[in-house]
Amino acid sequence: AQSVSQHNHHVILSEAASLELGCNYSYGGTVNLFWYVQYPGQHLQLLLKYFSGDPLVKGIKGFEAEFIKSKFSFNLRKPSVQWSDTAEYFCAVNTNTGNQFYFGTGTSLTVIP
Amino acid sequence: DTEVTQTPKHLVMGMTNKKSLKCEQHMGHRAMYWYKQKAKKPPELMFVYSYEKLSINESVPSRFSPECPNSSLLNLHLHALQPEDSALYLCASSYFTGAGTDTQYFGPGTRLTVL
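Each protein sequence line maps, in turn, to chains A and B. Numbering (this note's numbering) for the first sequence: 1 to 113. Numbering (this note's numbering) for the second sequence: 1 to 115.
No lab work stands behind these hints: they were computed from the structure. Any given hint could turn out to be false.
[Stated by the list, open to error] Pairs of lysine-lysine, BS3-like flavour, derived with a Cα cap of 30 Å: (1) K38/B to K61/A; (2) K53/B to K9/B; (3) K40/B to K49/A; (4) K61/A to K40/B; (5) K40/B to K71/A; (6) K9/B to K19/B; (7) K38/B to K49/A; (8) K58/A to K19/B; (9) K41/B to K58/A; (10) K40/B to K69/A; (11) K49/A to K71/A; (12) K49/A to K19/B.
[Claimed, not checked] Between beta-carbon pairs, the in silico distance windows are: (13) P83/B to S80/A: 40 to 46 Å; (14) Q42/A to N70/B: 26 to 32 Å; (15) L115/B to G29/A: 44 to 50 Å; (16) E67/B to S80/A: 45 to 51 Å; (17) P79/A to S59/B: 39 to 45 Å; (18) Q42/A to Y51/B: 28 to 34 Å; (19) Q82/A to Q82/B: 36 to 42 Å.
[To be verified] Only some residues are given here: those of chain B computed to face chain A with a beta carbon under 7 Å: (20) P42; (21) T101; (22) Q104.
C-beta atoms are modelled at their ideal positions from N, C-alpha and C, and glycine is treated no differently.
Assemble the whole structure, with the sequences as input and the hints as a guide.
Pasting the structure below:
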């Protein structure tokens, strides 16, 4: 089975600070990459995704992520976080051979006003 | 419409009860999924249906029984559950792209409590 690592388990930031959450995966072939967010009490929502093309992808709410193939990474960034960004963030990988998603362990982000 | 609906929102059941969770989508997705999620943890895949056929069963105990009556509906039948089965049960659906799978759209989940 593939593995997806999110090394930051819990991140605490003040409002307006910059954010970078790491995501690394183990699959050597072609991958589709996703970041999902789960706000408190809400369902999982897609932030952004990468299939091909420009490795820098922009998502909703000012988030972006960069795919670096040589590092097997797909890190999530936001230049200036807001209190409303407090949530769980999950990286997910889908290989081009199947319909299964492999989720990372998640990062809990707390933004202090 | 990118909505996946799930009913009920909350379910409390005893260990001898039989109940069912329902999921519905009208996006034309032909892949549908059941996940189990514990608090602050990632979703754990339970089952995958591809074109209404069960394609993945992640060694889920037989007290969970999935069913896909048609391309829009997905059920999860529950029987003789254990307290450790208490969790948020998520349904998701997606398109096939020919090179893997596109975005999975998640429902709000059913919060299950087993007494």
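Evaluated hints:
no.: 1; hint: K38/B to K61/A; result: holds (26 Å)
no.: 2; hint: K53/B to K9/B; result: holds (26 Å)
no.: 3; hint: K40/B to K49/A; result: holds (22 Å)
no.: 4; hint: K61/A to K40/B; result: holds (22 Å)
no.: 5; hint: K40/B to K71/A; result: holds (27 Å)
no.: 6; hint: K9/B to K19/B; result: holds (13 Å)
no.: 7; hint: K38/B to K49/A; result: holds (24 Å)
no.: 8; hint: K58/A to K19/B; result: violated (42 Å)
no.: 9; hint: K41/B to K58/A; result: holds (25 Å)
no.: 10; hint: K40/B to K69/A; result: holds (28 Å)
no.: 11; hint: K49/A to K71/A; result: holds (17 Å)
no.: 12; hint: K49/A to K19/B; result: violated (36 Å)
no.: 13; hint: P83/B to S80/A: 40 to 46 Å; result: holds (44 Å)
no.: 14; hint: Q42/A to N70/B: 26 to 32 Å; result: holds (28 Å)
no.: 15; hint: L115/B to G29/A: 44 to 50 Å; result: holds (45 Å)
no.: 16; hint: E67/B to S80/A: 45 to 51 Å; result: holds (47 Å)
no.: 17; hint: P79/A to S59/B: 39 to 45 Å; result: holds (43 Å)
no.: 18; hint: Q42/A to Y51/B: 28 to 34 Å; result: holds (30 Å)
no.: 19; hint: Q82/A to Q82/B: 36 to 42 Å; result: holds (41 Å)
no.: 20; hint: P42; result: holds (4 Å)
no.: 21; hint: T101; result: holds (4 Å)
no.: 22; hint: Q104; result: holds (6 Å)
In summary, the structure is inconsistent with hints 8, 12 from the numbered list given earlier, while agreeing with the others.
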